[in-house]
Amino acid sequence: MSIQRMDNVAIIVSDLDAAVSFFTALGMEFEGRGQIEGPWADRTVGLDGVRSDIAMMRTPDGLSKLELTKYHTPAPTSTEPESPPPPPNTLGLHRVMFTVDDIDDTIARLRIHGAELLGEVAQYESTFRLCYLRGPAGIIVALAEQID
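Residues 0 to 147 in numbering that gives the first Met the number 0 are what the sequence shown spells out, letter by letter.
Do not take every clue at face value.
Stated by the list, open to error - As a list, the in silico EDC-like pairs of lysine to aspartate or glutamate whose alpha-carbon atoms are at most 20 Å apart:
| # | residue 1 | residue 2 |
| --- | --- | --- |
| 1 | Lys64 | Glu30 |
| 2 | Lys64 | Asp6 |
| 3 | Lys64 | Asp100 |
| 4 | Lys64 | Glu119 |
| 5 | Lys69 | Asp41 |
| 6 | Lys69 | Asp14 |
| 7 | Lys69 | Asp47 |
| 8 | Lys64 | Glu28 |
| 9 | Lys64 | Asp52 |
| 10 | Lys69 | Asp16 |
| 11 | Lys69 | Asp6 |
| 12 | Lys69 | Asp100 |
| 13 | Lys69 | Glu28 |
| 14 | Lys69 | Asp52 |
These are computed hints drawn from the structure, not numbers from a lab.
Computed from a predicted model, the values in this text were never measured in an experiment.
With these hints in hand, go ahead and build the complete structure from the sequences.
Laid out in C-alpha cells, this is it:
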C-alpha cells in the first residue's frame with residue numbers, strides 16, 4: 000500500500016478572513032468555505048465540542064492546498080500566548096514554501112497583509128532567490144524565485 004497524494008496542510012488562524020486575504024495576495028485561489036462540527040469532527044480531532052470554520056485555498060496548478068482553520072470551540076490554545084512566534088529552527092512543522100514569479104513583487108503584496116521579512120532576500124548560487132516571511136498566526140512562509 001502507498002500514499003496516493005498529500006491532500007493539504009492545515010494552518011490554525013485567529014482571523015480567517017485576514018488569512019484568506021494573505022494567501023490570495025500570495026497568488027493562491029480560494030476554493031471554498033465551510034463549517035466543521037458534530038460527533039464525527041470530535042472523534043476525528045480528539046476534542047469535544049468542535050466547531051470551526053475552514054477555508055480551502057489551492058495553488059494555481061491545482062496540485063497543492065492549504066486548509067485555513069479558525070476554531071470557535073474549543074478555543075484555540077497556545078503554549079505561550081504572550082511570547083513572540085517561534086524562530087525558524089523550532090522543532091515541528093517548519094514552514095510552507097511557494098515558488099513565485101517575482102519575489103520582490105510578492106513580498107510587497109504580502110507586506111500589505113502584515114507579512115514581515117525574517118531576514119533578507121538571498122541568492123542561492125545562480126539558481127534561486129529565497130526568503131522567509133512571517134505570515135498569519137506567526138507561521139513561516141518561504142518564497143523561492145527561480146533565476147533564469
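Hints, one by one, checked against the model:
With a C-alpha separation of about 9 Å, the suggested pair Lys64 and Glu30 falls inside the 20 Å cut-off, and the hint holds. For the suggested pair Lys64 and Asp6, the alpha carbons sit about 7 Å apart, so the restraint of at most 20 Å is met. Between Lys64 and Asp100 the alpha-carbon distance is near 19 Å, which keeps this suggested pair within the 20 Å criterion. The hinted pair formed by Lys64 and Glu119 fails the criterion: a straight-line CA distance of about 26 Å is larger than 20 Å.
Straight-line distance between C-alpha atoms of Lys69 and Asp41 comes to about 15 Å, which keeps the hinted pair within the 20 Å bound. About 7 Å separates the Cα atoms of Lys69 and Asp14, which keeps this hinted pair within 20 Å; it holds. Of the supplied pair hints, the one linking Lys69 and Asp47 holds, its CA atoms being roughly 16 Å apart against a limit of 20 Å. The straight-line distance between the Cα atoms of Lys64 and Glu28 is roughly 9 Å, inside the 20 Å bound, and the hint therefore holds.
Annotation: proposed proximity of Lys64 to Asp52 holds, straight-line Cα distance about 16 Å (limit 20 Å). At most 20 Å may separate the alpha-carbon atoms for a hinted pair to count; Lys69 and Asp16 meet this at roughly 10 Å. At most 20 Å may separate the alpha-carbon atoms for a hinted pair to count; Lys69 and Asp6 meet this at roughly 19 Å. The suggested pairing of Lys69 with Asp100 is violated, with an alpha-carbon distance near 30 Å, which exceeds 20 Å.
Using a Cα cut-off of 20 Å, the hinted pair Lys69 and Glu28 holds, with the two alpha carbons roughly 18 Å apart. In summary, the hint linking Lys69 to Asp52 is supported, as the alpha carbons are separated by about 5 Å, within the 20 Å threshold.
Comparing the model with each numbered hint stated earlier shows that hints 4, 12 do not hold.
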